[in-house]
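Combine both chains into one complex, guided by the hints.
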Amino acid sequence: EPEVTQTPSHQVTQMGQEVILRCVPISNHLYFYWYRQILGQKVEFLVSFYNNEISEKSEIFDDQFSVERPDGSNFTLKIRSTKLEDSAMYFCASSVSSRATNEKLFFGSGTQLSVL
Amino acid sequence: EDQVTQSPEALRLQEGESSSLNCSYTVSGLRGLFWYRQDPGKGPEFLFTLYSAGEEKEKERLKATLTKKESFLHITAPKPEDSATYLCAVQAYGGSQGNLIFGKGTKLSVKP
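These protein sequence lines are chains A and B, in that order.
Heads up: the first sequence runs through residues 1 to 116, numbered per my numbering.
Heads up: the second sequence runs through residues 117 to 228, numbered per my numbering.
No lab work stands behind these hints, which were simulated from the structure alone.
Among these hints, one or two may not hold up.
[Said to hold, decoys possible] Chain B is nowhere near these chain A residues, computed Cβ spacing over 12 Å in every case:
| no. | residue |
| --- | --- |
| 1 | Val12 |
| 2 | Ser27 |
| 3 | Asn28 |
| 4 | Lys42 |
| 5 | Asp62 |
| 6 | Gln64 |
| 7 | Ile79 |
| 8 | Glu85 |
| 9 | Gln112 |
[Unchecked claim] The calculated lysine-lysine pairs, modelled on BS3-like cross-linking and capped at a C-alpha distance of 30 Å, are:
| no. | chain 1 | residue 1 | chain 2 | residue 2 |
| --- | --- | --- | --- | --- |
| 10 | A | Lys78 | B | Lys220 |
| 11 | B | Lys220 | A | Lys104 |
| 12 | A | Lys42 | A | Lys78 |
| 13 | B | Lys195 | B | Lys173 |
| 14 | B | Lys179 | A | Lys104 |
| 15 | B | Lys223 | A | Lys104 |
| 16 | B | Lys227 | B | Lys184 |
| 17 | A | Lys42 | B | Lys173 |
| 18 | A | Lys83 | B | Lys173 |
| 19 | B | Lys173 | A | Lys104 |
| 20 | B | Lys173 | B | Lys184 |
| 21 | B | Lys227 | A | Lys83 |
| 22 | A | Lys83 | A | Lys57 |
| 23 | A | Lys104 | A | Lys78 |
Beta carbons: idealized from backbone N, C-alpha and C, even for Gly.
So here's chain B without its partners, still in its complex pose (with noise of 0.2 Å):
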């Protein structure tokens, strides 16, 4: 069964204090994996979208990298405005596009 765990549930971390969250992922075929940002109430919102292991991608304060089992989140000096929950999904060959596997998340808080 195609899977997605990742940690932390959550990170507190103090501004300026890098951390990285992990996604680890089990999956027949990976034909993606992507990272989305949650605020409350909100829908998740696109940060990245890595395919093949190896590949990084980077965004601001934000760093994506892709092993062969699982993918990470760098957080590089962390500002309050970072604070959300991160998620990561994946699609698998055989499901149509956009099906997504989502995990649970990370909450990330910053604090000042």
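Looking at chain A on its own, in the form it has when it is part of the complex (with noise of 0.2 Å):
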């Protein structure tokens, strides 16, 4: 069965630093997402992608965030100067592009970013 691929599964960095976390979404989806699951708390939204642009992003997905679909298949979210609060799991999701509503998601593994 077709799944979201994310890299890495961990991701250790130092406050300030820049990352890239990686995302493979399945090949014949059109929608990306990037969420972030804090522990112990809620799955947020950050961020939806669709047709090379950012559709729709939430208060937390700010400045320092940034979103890029560099080729056909990687789906990236770059944070410029990582803060201690960013530390989290970070999922990427897809979905199938077509007129129909409340699509389901397809989830990714997870990257675990942990900022010191």
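Put into structure tokens, the structure is as follows:
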């Protein structure tokens, strides 16, 4: 069964450093998302991306965050200058492009980001 | 403010002991309510989407129902492999495709 792949599974970085989290969505999907989950907290929406542009972003997704689809298969989340509070599990998700709403999202296994 | 509250936070069952998980939601306009399963160290895995009050969906030992204010996930004769965290999420009108508001989840443990 097709799946969303995320790399790396764990990322440790120093505060103030830039990190790039990578995702390979399911090949025929055209909607892409990033969510995050701080330990013990809810899964939170960060951003949705379609047709090479951001469709919607949450308050969490400030100027330190950016997303990119650099080629036909990868989808990345960049955090320019990491803060301690950015430590979380980051999930990439994708869904099939169609006119139907409420499509199910397929999530990857996540990247655990630890900012020291 | 759109909000999702799940109860209980944790539930321990004996194998075969049926029970229900609750998801209460407050949303300006409901486009859809979703149930996901999350295993430790994994991303959420889709179970059901419900669109309107009165709707029911079933999959193996799981049955999801929806009213205007809450949803229930009924687990009939659970097995140890049903142990996981069950997440409820809503999509509200005005939000883009895929902007889901999640609850904190119910951690289910089923003992043999």
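Structure-based check of all given hints:
With a least beta-carbon separation of about 16 Å from chain B, valine 12 of chain A lies farther than 12 Å from that chain, consistent with its non-interface assignment. The Cβ of serine 27 of chain A lies farther than 12 Å from every Cβ of chain B, with a closest approach of about 18 Å, so its non-interface assignment holds. Listed as outside the interface, asparagine 28 of chain A is consistent with that label: its C-beta sits roughly 16 Å from the nearest C-beta of chain B, beyond the 12 Å cut-off. Non-interface status of lysine 42 of chain A relative to chain B is broken: a Cβ of that chain comes within 12 Å, the nearest being about 5 Å off.
With a cut of 12 Å on Cβ distances, aspartate 62 of chain A stays outside the contact zone with chain B, its closest approach being about 17 Å. With a least CB separation of 20 Å from chain B, glutamine 64 of chain A remains clear of the 12 Å interface cut-off, as annotated. Non-interface call for isoleucine 79 of chain A relative to chain B: holds, since the shortest CB-CB distance, roughly 19 Å, exceeds 12 Å. Distance check on glutamate 85 of chain A: its Cβ is at least 18 Å (rounded) from any Cβ of chain B, clearing the 12 Å threshold; non-interface status holds.
Not every C-beta of chain B lies more than 12 Å from that of glutamine 112 of chain A, the closest at about 8 Å, which undercuts listing it as non-interface. Between lysine 78 of chain A and lysine 220 of chain B, the direct Cα distance comes to roughly 26 Å. Compliance with the 30 Å bound is thereby established for this hinted pair. Pair hint lysine 220 of chain B plus lysine 104 of chain A holds up; C-alpha atoms about 19 Å apart against a cutoff of 30 Å. For the suggested pair lysine 42 of chain A and lysine 78 of chain A, the alpha carbons sit about 21 Å apart, so the restraint of at most 30 Å is met.
As the CA atoms of lysine 195 of chain B and lysine 173 of chain B are separated by approximately 19 Å, the hinted pair is consistent with the 30 Å bound. The suggested pairing of lysine 179 of chain B with lysine 104 of chain A holds, with an alpha-carbon distance near 17 Å, which does not exceed 30 Å. Note on lysine 223 of chain B and lysine 104 of chain A: the hinted pairing holds, with a Cα-Cα distance of about 22 Å set against a maximum of 30 Å. For the hint linking lysine 227 of chain B to lysine 184 of chain B, the alpha-carbon distance of about 33 Å lies beyond 30 Å, and the restraint is violated.
Restraint check: the Cα-Cα separation between lysine 42 of chain A and lysine 173 of chain B comes to about 24 Å, which is no more than 30 Å; the hinted pair holds. For the proposed pair lysine 83 of chain A and lysine 173 of chain B, the alpha carbon gap of about 42 Å is over 30 Å, so the pair is violated. As the CA atoms of lysine 173 of chain B and lysine 104 of chain A are separated by approximately 14 Å, the hinted pair is consistent with the 30 Å bound. Using a Cα cut-off of 30 Å, the hinted pair lysine 173 of chain B and lysine 184 of chain B holds, with the two alpha carbons roughly 16 Å apart.
In summary, the hint linking lysine 227 of chain B to lysine 83 of chain A is not supported, as the alpha carbons are separated by about 40 Å, beyond the 30 Å threshold. With a CA separation close to 19 Å, the supplied pair lysine 83 of chain A and lysine 57 of chain A stays within the 30 Å bound. Note on lysine 104 of chain A and lysine 78 of chain A: the hinted pairing holds, with a Cα-Cα distance of about 25 Å set against a maximum of 30 Å.
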